[in-house]
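There are 6 protein chains.
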Amino acid sequence: MSNRLTEFQAYRKRMNDRIGEIDHLGVKRFMNLDTAAYEDGALPARQKEMLGLVASMVLRCNDCIDYHILQCVQAGWEDQELFEAFNVALVVGGSIIIPHLRHAVETLDMTRQSKDSDGK
Amino acid sequence: MSNRLTEFQAYRKRMNDRIGEIDHLGVKRFMNLDTAAYEDGALPARQKEMLGLVASMVLRCNDCIDYHILQCVQAGWEDQELFEAFNVALVVGGSIIIPHLRHAVETLDMTRQSKDSDGK
Amino acid sequence: MSNRLTEFQAYRKRMNDRIGEIDHLGVKRFMNLDTAAYEDGALPARQKEMLGLVASMVLRCNDCIDYHILQCVQAGWEDQELFEAFNVALVVGGSIIIPHLRHAVETLDMTRQSKDSDGK
Amino acid sequence: MSNRLTEFQAYRKRMNDRIGEIDHLGVKRFMNLDTAAYEDGALPARQKEMLGLVASMVLRCNDCIDYHILQCVQAGWEDQELFEAFNVALVVGGSIIIPHLRHAVETLDMTRQSKDSDGK
Amino acid sequence: MSNRLTEFQAYRKRMNDRIGEIDHLGVKRFMNLDTAAYEDGALPARQKEMLGLVASMVLRCNDCIDYHILQCVQAGWEDQELFEAFNVALVVGGSIIIPHLRHAVETLDMTRQSKDSDGK
Amino acid sequence: MSNRLTEFQAYRKRMNDRIGEIDHLGVKRFMNLDTAAYEDGALPARQKEMLGLVASMVLRCNDCIDYHILQCVQAGWEDQELFEAFNVALVVGGSIIIPHLRHAVETLDMTRQSKDSDGK
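Listed in order, the protein sequences are those of chains L, R, E, B, G and D.
Using this note's numbering, read the first sequence as starting at 1 and increasing by one per residue.
Using this note's numbering, read the second sequence as starting at 1 and increasing by one per residue.
Using this note's numbering, read the third sequence as starting at 1 and increasing by one per residue.
Using this note's numbering, read the fourth sequence as starting at 1 and increasing by one per residue.
Using this note's numbering, read the fifth sequence as starting at 1 and increasing by one per residue.
Using this note's numbering, read the sixth sequence as starting at 1 and increasing by one per residue.
In case anyone wonders, no lab produced these hints; they're calculated from the structure.
A hint or two may mislead.
Said to hold, decoys possible - Pairs of lysine-lysine residues, derived as PhoX-like cross-links and limited to a Cα-Cα distance of at most 20 Å, are as follows: (1) G:Lys28 / R:Lys28; (2) B:Lys28 / B:Lys13; (3) D:Lys28 / B:Lys28.
Note that this is a predicted model, so its numbers are computed, not measured.
With these hints in hand, go ahead and build the complete structure from the sequences.
Here is the structure:
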């Protein structure tokens, strides 16, 4: 996997571990609630990941976008389907989303390339 | 249908017509683009409506929430599925979403009641 | 208490009860987490209410502002202290906060008047 | 002038007066700074009002939109010019702006009608 | 031109080209709509660029700020005029805009220095 | 002090000085107002710094978070108290705050480590 994404994942893991050490009950419960929100239920997990992705795009959070793209790819969403989700985010959120669209497309490309090279 | 929703729909129609009269090419094209974003494509229309609903909730726009709930109900989404979408929006957006969750649940109830009474 | 605030509190209670009926585990846990975030801990409850108030003002949510002002008054904060919190929110959030400052001052006045008339 | 706008202006005046009574130095200075930001300088006042209008639209504050439309009309901006500003706000901010575009167009129409009837 | 801006422009071009390759009709139309929003019309292009700049500042998007500053400088806006626009954004958006004001001033300085050295 | 924070402080000082040179009366007054908002008054300065920190977290501004954490540590707030403030921000603002929580915890750790090594 490319540098930007591996760095993000290492930083994310390191700081999430550090947040765990803080041992604040409210924060820990929030983290669990966040994980649980994307598990299979009345809606399948993969659908919820796409909801999380669009929410992250319109709220313009690149780290959140990266996380949900990685999850969406793992959940089997195809590029054409993800582009449709990107388009909904773009229309809802406007041109202020464009820099995050660039970021999202780059992340998606990096993720596909990494999977290709992993597969060899 | 209940008063709040019928009033919203009448106001929405009246003002959208008025915006059409303004005849600004950019605005008209944006309106068309907005409609097109929720049509069947690589993702089915009903899925895009749910993406639009979650985007509207995290961006905290009650009129947009009402519009997408009406579309989601028409597209056949069940309450349990919509509650899951509400939950994703709540976890992503935090307690600041709660007033909009109240609004969304009230709108959903109104929509179901209206459909029940229409069916009689 | 004045009409606007009593109506808000009645609506809030009615819809929170309705949200409870929905019985979505994630949503219920979030509601509990939200309540717990303002309880005495390393910081006293009254301080957290003021943090919640300023967060609500900069995020521009009138219902949240009303809720936290009621809590802050009950927790014993004086007007001069609350005005200081309003000022921090105004400086951080800019003139876009002014309509919410008007709302907050009106709510605070209503709350004080209601307490005065209750005390007679 | 129509009811919605006269009510807004009366409420705005009443609460601004009340905020003045509070006599918080920081808040008073902010209010003065806000007024000064739209006075003639390196840019003419009318241009700054239009900047304030677009900022209010993308930040989705109806009271702020109403205030700046009233100022823009008084400053002599024509409808076609204001529609161009609305369009920039719509493209930058996305479909989440549409309910505020409806509000802005309605406010502009109310303002023009009021000026017409005043002129008779 | 300085490194930060040339890098941004190269990245922006590369990713916009990549987004073009994706060939999503909705996304392509949005991109065209975005370009068209800043062309001469009832308002001159240079005025619209300034509207886009203020919208970008209050929405706190550094890439958008950089893009519109480059356009504004090319459109002939003077520093004193741009500082006025920065000030409107600062007053509307509050102290949360200050980091973006720093970024904007740095970008403007870089752009002027680059033009000076190009002119030699 | 660690690199990221010293770099931020140097950049912040350099650009604030540059903004001072611009000599725009409105901007200068805003900067003064911002400083004054955190001075002792009806609320002590340390309390206002914590209000500023939570406002910065829910508005998701890393530079503002860093600034207020440095001020809060200097004002004598303990880690457990700051974690409570982080938790209020997390619950109000939702999972979109998590990347900023990571940043805040890292900044706090850096600040403590720097103070430890300064003290030797």
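(Q) Need the status of pair lysine 28 of chain G, lysine 28 of chain R: alpha-carbon distance at most 20 Å? (A) holds, 16 Å
**Q.** 20 Å limit on alpha-carbon distance, applied to hinted pair lysine 28 of chain D and lysine 28 of chain B
**A.** It holds: about 16 Å lies between the C-alpha atoms, which stays within 20 Å.
Q: For the pair we were handed, lysine 28 of chain B and lysine 13 of chain B, check the Cα-Cα distance against 20 Å.
A: holds, 15 Å
Going down the numbered hints, you'll see the structure goes against none, and every one checks out.
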